[in-house]
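**Q** Here is how the chains run, residue by residue.
There are 2 protein chains.
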Amino acid sequence: MDKAYSKKLLTPKSQDFSKWYLDVVLNAKLADYGPVRGTMVLRPYGYSLWEKVQDYFNSVIKKDEVKNAYFPSLIPISLLRKEKKHIEGFSPELAVITIGGGEKLEEEIVVRPTSETIIYLMLSKWISSWRDLPVKLNQWCNVVRWEKRTLPFLRTTEFLWQEGHTIHETSEEAKEMALRALTWYKDLYKSLYSLPVLIGVKSESEKFAGASVTYTVESLLPDGKALQSATSHILEQNFAKNFGVSYQDKEGVLKYPYPTSWGLSTRSLGSVVMIHGDDNGLILPPKLAPIKLVIIPVLGKDDEKVFTFSKKIKELLEKYDSAFAGSVELWDQDNGSFGWKVNESELMGIPLRITVGPKEVAGESPLTITCRVKDVESEEVSQKTLKEIGEKVEKMLEKEHAFLYEKAEKHLEENIRTAKNYEEFKNIMNKNKGFIKAFWCENPQCEAKIKEETKATTRLLPLGAKEESGHCIYCNSKAKHLWYFAQSS
Amino acid sequence: MDKAYSKKLLTPKSQDFSKWYLDVVLNAKLADYGPVRGTMVLRPYGYSLWEKVQDYFNSVIKKDEVKNAYFPSLIPISLLRKEKKHIEGFSPELAVITIGGGEKLEEEIVVRPTSETIIYLMLSKWISSWRDLPVKLNQWCNVVRWEKRTLPFLRTTEFLWQEGHTIHETSEEAKEMALRALTWYKDLYKSLYSLPVLIGVKSESEKFAGASVTYTVESLLPDGKALQSATSHILEQNFAKNFGVSYQDKEGVLKYPYPTSWGLSTRSLGSVVMIHGDDNGLILPPKLAPIKLVIIPVLGKDDEKVFTFSKKIKELLEKYDSAFAGSVELWDQDNGSFGWKVNESELMGIPLRITVGPKEVAGESPLTITCRVKDVESEEVSQKTLKEIGEKVEKMLEKEHAFLYEKAEKHLEENIRTAKNYEEFKNIMNKNKGFIKAFWCENPQCEAKIKEETKATTRLLPLGAKEESGHCIYCNSKAKHLWYFAQSS
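As given, the protein sequences belong to chains A and B, one line each in that order.
Just add 19 to the spot in the first sequence (first one is 1) and you have our numbering.
Just add 19 to the spot in the second sequence (first one is 1) and you have our numbering.
I should point out that these hints are in silico values taken from the structure, not numbers from a laboratory.
If a hint is listed, it holds; no wrong ones were tucked in.
Below, simulated EDC-like cross-link-like pairs (lysine to aspartate or glutamate); rule was C-alpha separation at most 20 angstroms, straight line:
1. B/LYS48 / A/ASP151
2. A/LYS81 / B/ASP74
3. B/LYS330 / A/GLU84
4. B/LYS167 / A/GLU126
5. A/LYS331 / A/GLU410
6. A/LYS330 / B/GLU84
7. B/LYS123 / A/GLU122
8. A/LYS155 / A/ASP268
9. B/LYS497 / B/GLU461
10. B/LYS155 / A/ASP51
11. B/LYS123 / A/GLU126
12. B/LYS123 / A/GLU112
13. B/LYS474 / B/GLU225
14. A/LYS123 / B/GLU127
15. A/LYS167 / B/GLU126
16. B/LYS144 / A/ASP51
17. B/LYS81 / A/GLU70
18. A/LYS82 / B/GLU348
If we strip away everything but chain A, and leave its shape as in the complex, we get:
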């Protein structure tokens, strides 16, 4: 810890959201800027959040028999060119290696922006029979995309992600897989991030380069903009054809299988910071927080007794639940004042805090567990037994988890509005932002015009949306569905 960081360094969230966000990311030591424009260093505290995501998601996918693997980050440009739509979509974002081992390369090599092409190349060698299907792979890795506007976590030139890649005999199976991944993401946002999301289908123009269907997870940020927070694609069968991935079915007929891909990146952590945080800094949802509780002793007289008592509490909690071992910290170092430590614990978004002074030791004051979120009431521990303190800590973590989710859900729900006509649409987008439900004829020209005039893009059509009878908000021709629009973050 470093004394130089103090509360006053943070711009209030309500005053300047963008500045507040950068203040929190930098001062809570989640991340820092790398030397190449748009790159980001994930500092240990920030990286520990990504490790939580890895642990959580690995246990989900391994239950479904998805296997982790690692494919080279170096892809010959000719491989990307095998899929026309794919290279068209990605070519403006590529980082190209032209020199290797001191010599100009015969063929340019691209640092992976995503791994479909190299994975299909390998699958074409590994798959020959229906017995080899399905193949379900996942990889945790870095990818490079040359972004124009960058922002820590949200859009960085290099980022970390997981990319799942599967390939199936039937299109139904592929669809099931893509939808299952979508559900995994929604569950992850709810269980680990305490965040509600919207899920649905992307429009033709907003699809992934080379996908036949893109499913999306969308979050609402505090500034009323939408963030694409994870995606899952059914890829065009073309991909299999272009890369020569084929198999013999049970009757010996040569067929092309159906691929899916799906990804969640470090971007998602940006939405956690943005949505939950407050003027005092980060607020980490309890399931994601690497430190769940911090014990801060009040130093002065009776230091020895205060230390002993503080240690005992830490030990009680670790005994109560092995999950607390490593996630309960005692800040007894002489590296800052009591007040500074309290501020630091708030800045870092540690869910719970117990302060211990001579009065707590002497039993003159009850031991108080304070939640990082002011709306979650403090709890007093009278008995200081293993059971009492353990149960209260557990209860408060659950309460905070629920509170954060409900607060974000309320904000999301309050910011989904229906526009009956284009005037209303423009007014809402001007004044409130958020999501707007509106009929759209699904003609890309209307979509483009709406974007040009309001900055709003189609975000999704909810899964299983029923056909309705309406008129396009822009051109007034017949429209079957209420689409969700929002400005993109």
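Place chain B on chain A using the hints.
**A** For chain B alone, kept in the frame of chain A given last:
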């Protein structure tokens, strides 16, 4: 699994070691070749070994308060140039990005060959006081080095590794850290890989580019060549100076701290394959093996009973030890003959195998646990109780672990020879290879001549080697130490 792979595809190890190695790596589906020369795909089975390494090593370093982080893979070339020896060492191996986002870059960017430079750049921003020290970081990532001769696992253009980076107030602390890391590697080789290694100090010419001391872990391969299997460096304080990493000590005096770095890569898995494997394929040491035991039912009459019985054994083992959940497999799929499955389990190096047929079900034959390593005796299970079967499996895994270590240790010990003169040295290097202990005057010219004439390089001087009085094997001038020489793999 794929029926196409069968025993006959493997070249015998004794017949052609290099070809056998590639056969095993490819057919056991550990890895495959990527499209860019020298790159490698880590297939799920191979990657699962690396996940074991990550789990093991993370728990070791986290106990020592080393924190994982992630630094960008994109490094401006000017940053590498800040350290003259470093750029000299690495420039022949660099992959250089010259185009980003469709435009020629103003400054060339290098894909990290290692991360010292970018980490010190960041530390110069993060460190200001003695209170900030030590910093102990680790990162799991890919690195790219343009290798001329490549071989799966051993030397690949891109590889995965962990790179630890620490920085300390005193050179003593830095030395302690570098030695601690060395011990971690030696322990990992022994505990996880069942492999003995030699540890010691590298000569001046064999040091890491920019290190003041390089400690090394050396393995002996079956072909008598040595493999540098992990390294740990104390870096020149110059590194701190050149990157502006400084701190104020307790008296307020500006000082430069002492850095260390240490790394273990996927190369290490290559030595596991090479040393333990046999004519039937891979032999995975039990602690590293993702599948520890496979149950193979004999199909025919009474299939239902055989299946039920096989499942019961799997459940018993999972009940006995939760560590067996996920590491005991039942191969009851109709995807190959009994014989093919047995061969496949051998090819994959699964430590233990139980075959179940009608006789075992009826109690006419005892249940036999067979070890992948022929020298470890089979065990018969008579009672088939939870306790009996669990204990026998455990015991056999321990026996195999010990057997593999001892076998490799014997091979290592038998192949460390002392050469009294240069003739003897040349004879040994010609006939036996292996390690040769010989007096060397520590003059790089003698070292270079020996390499030129015998292909042998200095591998290490053992830690704490006592001063002796001898004469250089090459020039006959005074020499204080017996160095270890070997040909490099």
